[in-house]
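S.K.: Dock chain B against the given chain A, drawing on the hints supplied.
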Amino acid sequence: MASSTAAAMAGALTALQPLNKEFVFPVGLLGFPDYQRYQLEPFEPGDGSESPFLLLSSVGQEVVFPLIHPLSLALDYHFPASPELLAILKAQSVKDLVPLLIVTVREKLQEITVNLQGPVILHPKTCLGAQLVLEDRPLRYPLLKPATA
Amino acid sequence: MLVLSRRPGETLAIGDDIVVTVVSVSGNQIKIGITAPREVRVLRGEIYQGLREENRAAANVADSGRKLEDALKQFRGKTAEESNG
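If you read the sequences in order, they're chains A and B.
Quick note: the first sequence uses my numbering, first residue 487, plus one each step.
Quick note: the second sequence uses my numbering, first residue 1435, plus one each step.
Source of the hints: derived by calculation from the structure; they are not laboratory data.
Check each hint, because a few of them may be wrong.
Unchecked claim - Below are the BS3-like pairs computed for lysine-lysine, each with C-alpha atoms no more than 25 Å apart in a straight line: (1) A:Lys631 x B:Lys1501; (2) A:Lys576 x A:Lys611; (3) B:Lys1501 x B:Lys1512; (4) B:Lys1465 x A:Lys631; (5) B:Lys1507 x A:Lys631; (6) A:Lys594 x B:Lys1512; (7) B:Lys1512 x A:Lys631; (8) A:Lys611 x A:Lys507; (9) A:Lys594 x B:Lys1465.
As the list claims (entries may be wrong) - The following residues of chain B were derived to be distant from chain A, with all beta-carbon distances above 12 Å: (10) Glu1444; (11) Asp1450; (12) Ile1466; (13) Arg1478; (14) Ala1493.
Note that the coordinates shown come from a computational prediction; the quantities given were computed from them, not determined experimentally.
Just so you know, even glycine gets a beta-carbon here, dropped at the ideal spot from N, CA and C.
Here chain A stands alone, though its shape is the one from the complex (with noise of 0.2 Å):
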C-alpha cells in the first residue's frame, strides 16, 4: 500500500521534472492577479535532505507559495477538468494535468493547512497554471493530523 502510493507519487511527479521550472498562470492566482510568472522549484531543507514541499515563487520573487502533492499527504485527490480549465492551460487530458495543494504555514505547526478548495493545476507540457476553484472541498485541511488515540 505504501509502496503503491509511493510509485504513484514518483510517476506523478516525474510529469513535473525537471522542477525548476517556469510557468505561466494567464488568469493568475485569486488575490494575486497582477503576478503571472511562476519558478517551480523543490524546498530544500537546510540540512540537504529531501523533502515533499515545493516552492512556486513570483519571478520577482514577491510572492511564495509552499506547495504539496495530494499523494504526498496521502490523498486521492481527483479534480473535474471543465472545457475551461484545459483551454486555459491548452491541455488535451486531466490525464496531463497535474494538481499541487498549497500550504498555509501558521505560527503553531498543528495550524497548518493545505488548502483542498483552490488548488493549483500545472500543465508540464505546455508550462501552464492556474488555481482551480472547487466549492465543496475544505479550505483548510490538516497537513499534520492529530495522533489517533
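M.R.: What follows is chain B alone, placed relative to chain A:
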C-alpha cells in the same frame, strides 16, 4: 455602487463581453445567469473572499522556510509512525 432594477428575463451588459441575466425570483432567492469570457472568474462572493484570504495568508509568511523545516520533521515522524503501525 450602481443599483438598477430588473425583472426576470431581463439582462445587464457589463462591458462588451459580460451579460448578467435575472433568471427567476422566488421569495428571497434570485437565480442569476452569467455569460462571460473564460478568463473572467465568476465565483460566489464568500468563496472568492475565503480563497483570496487563504492565498494571502499562504504567501505572506515571514520565515516560512524555517517553519516548513519544522513541519517537515513532524511530518516525517507521522509518516514513519503510519508505515510502522
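S.K.: Under the criterion that the straight-line Cα-Cα distance not exceed 25 Å, is the pair Lys576 of chain A, Lys611 of chain A satisfied?
M.R.: 9 Å, holds
S.K.: Once the closest CB in chain A is found, is it more than 12 Å from Ile1466 of chain B?
M.R.: With a cut-off of 12 Å, Ile1466 of chain B remains clear of chain A, as the shortest Cβ separation is near 16 Å.
S.K.: Need the status of pair Lys1507 of chain B, Lys631 of chain A: alpha-carbon distance at most 25 Å?
M.R.: Between Lys1507 of chain B and Lys631 of chain A the Cα gap is close to 14 Å, so the pair holds against 25 Å.
S.K.: Verify that the Cβ of Ala1493 of chain B lies farther than 12 Å from every Cβ atom of chain A, and report whether the claim holds or is violated.
M.R.: Check fails; 4 Å does not lie beyond 12 Å.
S.K.: Test the statement that Glu1444 of chain B is away from the interface with chain A: the closest C-beta pair must be farther apart than 12 Å.
M.R.: Non-interface label on Glu1444 of chain B holds, nearest chain A Cβ at 26 Å vs cutoff 12 Å.
S.K.: Next pair to validate is Lys1465 of chain B with Lys631 of chain A; report whether the Cα-Cα distance is within 25 Å.
M.R.: Given pair Lys1465 of chain B, Lys631 of chain A is violated - Cα atoms ~39 Å apart, limit 25 Å.
S.K.: Beyond 12 Å from chain A, beta-carbon-wise, is Asp1450 of chain B?
M.R.: Non-interface label on Asp1450 of chain B holds, nearest chain A Cβ at 19 Å vs cutoff 12 Å.
S.K.: Verify the proposed pairing of Lys594 of chain A with Lys1465 of chain B, using a straight-line Cα cut of 25 Å.
M.R.: Violated, because 42 Å separates the two Cα atoms, which is more than 25 Å.
S.K.: Keeping to a limit of 25 Å between CA atoms, is the pair of Lys611 of chain A and Lys507 of chain A held or broken?
M.R.: The hint holds at about 11 Å.
S.K.: Verify the proposed pairing of Lys631 of chain A with Lys1501 of chain B, using a straight-line Cα cut of 25 Å.
M.R.: 17 Å, holds
S.K.: If you draw a straight line from the CA of Lys594 of chain A to the CA of Lys1512 of chain B, is it 25 Å or shorter?
M.R.: Holds, because 16 Å separates the two Cα atoms, which is no more than 25 Å.
S.K.: Would Arg1478 of chain B pass as off the interface with chain A, using Cβ distances and a cut of 12 Å?
M.R.: 7 Å, violated
Hint compliance for this structure: hints 4, 9, 13, 14 are not met, and every other hint is.
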